[in-house]
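Undergrad: As a plain string of letters, each chain reads:
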Amino acid sequence: MKFAWLDFSSKTSEVPGGMAYHSFLLEPITCHAWNKDRSQIALCPNNHDVHIYKKDGAKWTKVQELKEHNGQVTGIDWAPDSNRIVTCGTDRNAYVWTLKGAQWKPTLVILRINRAARCVKWSPKENKFAVGSGSRLISICYFEQENDWWVCKHIKKPIRSTVLSLDWHPNNVLLAAGSCDFKCRIFSAYIKEVEEKPGPTSWGSKMPFGEMLFESSSTTGWVHSVSFSGSGNRVAWTAHDSMIAVADGEKTATISSFVSDSLPLLCVTFITENSLVAAGHDCYPALFVYDAGKGSIAFGGKLDVPKQSAQRGVSARERFQNMDKKATSEREEATLDTLHKNSISQVSILEGGKSKCTKFCTTGMDGGMAIWEIKTLESALKNLKIA
Amino acid sequence: MARNTLSSRFRRVDIDEYDENKFVDDQEEAAENQGPDAAEVDDLIRQGDMMTAFHTALRNPPINTKNAAVKEKAQATVLRVLTSFRSSEIETAVRSLDRNGVDLLMKYIYRGFEKPTENSSVMLLQWHEKAFAVGGLGSIVRVLTARKTV
Chain A
1 MKFAWLDFSS
11 KTSEVPGGMA
21 YHSFLLEPIT
31 CHAWNKDRSQ
41 IALCPNNHDV
51 HIYKKDGAKW
61 TKVQELKEHN
71 GQVTGIDWAP
81 DSNRIVTCGT
91 DRNAYVWTLK
101 GAQWKPTLVI
111 LRINRAARCV
121 KWSPKENKFA
131 VGSGSRLISI
141 CYFEQENDWW
151 VCKHIKKPIR
161 STVLSLDWHP
171 NNVLLAAGSC
181 DFKCRIFSAY
191 IKEVEEKPGP
201 TSWGSKMPFG
211 EMLFESSSTT
221 GWVHSVSFSG
231 SGNRVAWTAH
241 DSMIAVADGE
251 KTATISSFVS
261 DSLPLLCVTF
271 ITENSLVAAG
281 HDCYPALFVY
291 DAGKGSIAFG
301 GKLDVPKQSA
311 QRGVSARERF
321 QNMDKKATSE
331 REEATLDTLH
341 KNSISQVSIL
351 EGGKSKCTKF
361 CTTGMDGGMA
371 IWEIKTLESA
381 LKNLKIA
Chain B
1 MARNTLSSRF
11 RRVDIDEYDE
21 NKFVDDQEEA
31 AENQGPDAAE
41 VDDLIRQGDM
51 MTAFHTALRN
61 PPINTKNAAV
71 KEKAQATVLR
81 VLTSFRSSEI
91 ETAVRSLDRN
101 GVDLLMKYIY
111 RGFEKPTENS
121 SVMLLQWHEK
131 AFAVGGLGSI
141 VRVLTARKTV
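These protein sequence lines map, in sequence, to chains A and B. With the first letter of the first sequence counted as 1, position 181 gets the number 181 in the numbering used here; the numbers rise by one all the way through. With the first letter of the second sequence counted as 1, position 70 gets the number 70 in the numbering used here; the numbers rise by one all the way through.
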């Protein structure tokens, strides 16, 4: 029996401004990753699996379900050049998936952790990957040729709580980690078995494995997301106390922070060397601009093209009711006028890299994926100034 | 035998205190502020200089001290100032604060909500509305996430 309405291809809607919003499923998208040419996306629909969707004209069709994890998949990363997918989950495992013919085949990686894995990232050269976990440590995994097996080394000190987010420096050695102990840190993940000793960077020149080169002063919120800039000289992070900060390695790691009046931001990425896009519980991506000269961050604008909603007047009866119920006579918006209808949990760069991003993607708890074009945003929103 | 005759003293031990992985906040060497000068604030209220009373009350917030009495005293002083304000002047007072000031005010407001008295909630709600207009949801989030508060 074929149920016509169980169409697994997602619904796409063309939104004014040339941006696209795809509603994949009703469940939140826990995490996602794109392949090199952006024709395929791997995502976790809030369960133990990873679904791979392929772009089919204007639609997305599911091509495979990767079923191996015994717990929710919390992180996915797709290595663009070697075309391998790494996934990690609450079952304390990570798998490296390689394409054999048309099927993705998993290889288990023992992380030696006793709590859930929370985030995973391939290094720029794709010869290592890092996994952050609730065991208060980071597992740096690399492939050992002689044993034909992935092995891992731990970075433990001085992390004191769950590692929520990771991002690699372009030199393939330094790793930024944001954790629930309210700090953003930069560690060295130098593995002598797979690489040469790295040259000096703006964060330091001595980089033995596990060395901490930078630690932020405490904010009072869990650090949800970290991002190195394209050059690696700056690192930005967002925290749960509605704060976004940038540390500048070229200015002796001085920290500039922006205290926001909106809800906490869950994800952040650099789109140029000075500009950041961050999104979170307010359901829209926002632009922040870092001014190195002044050492400050400014809010650059809300990056969402609002729907043209009809402004109907408030009747006298409504005013009275509002006054009675809420002690205010203003009409409150009962619906969100943002593209995403729930918190945005992840942002990824599609085109242009972190230095000159032209397109980025957001996924959220509404099960939707939106693709944003910088050019379109710049022309639609008059005061946007991306530095 | 239904009665346990062995010692059950071990059940009163708080084992979380002995957990070596227990998270301990960084010991910052910030000054232990003793709260605003209550006498000075009272004087200013009596003179009718509400703005100065307001700013004085928000000085030296007892954030780093663990002494509950100090915090209670500071809370009472601030509450006295907030309830003595005229509704029309609240907005001007809030606008005279900087970012940190608004966050601090929010902390005191929520502290005030915890123990409502006769008229305090009404005034506090008015203060809350004006402070929210300036500080937004972020200021409320910072009240919730603060490790050390007033």
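Incorrect hints may appear among the rest.
Below 30 Å or equal to it, Euclidean Cα-Cα: the simulated DSBU-like pairs (lysine-lysine) are [unchecked claim]:
(1) K73(B) x K325(A)
(2) K100(A) x K36(A)
(3) K100(A) x K59(A)
(4) K115(B) x K341(A)
(5) K71(B) x K22(B)
(6) K157(A) x K130(B)
(7) K302(A) x K22(B)
(8) K375(A) x K294(A)
(9) K36(A) x K62(A)
(10) K100(A) x K156(A)
(11) K157(A) x K22(B)
(12) K55(A) x K325(A)
(13) K156(A) x K62(A)
(14) K107(B) x K325(A)
(15) K22(B) x K156(A)
(16) K107(B) x K302(A)
(17) K36(A) x K251(A)
(18) K341(A) x K325(A)
(19) K294(A) x K385(A)
(20) K294(A) x K62(A)
(21) K157(A) x K148(B)
(22) K54(A) x K153(A)
(23) K115(B) x K325(A)
(24) K153(A) x K130(B)
(25) K375(A) x K325(A)
(26) K115(B) x K66(B)
(27) K130(B) x K148(B)
(28) K325(A) x K356(A)
(29) K107(B) x K148(B)
(30) K156(A) x K148(B)
(31) K156(A) x K354(A)
Simulated from the structure, these hints should not be mistaken for laboratory data.
Undergrad: Of all the hints numbered above, which does this structure not satisfy? Sort the numbers upward.
TA: Violated hints: 1, 4, 6, 7, 10, 12, 13, 17, 20, 22, 24, 25, 28; rest satisfied.
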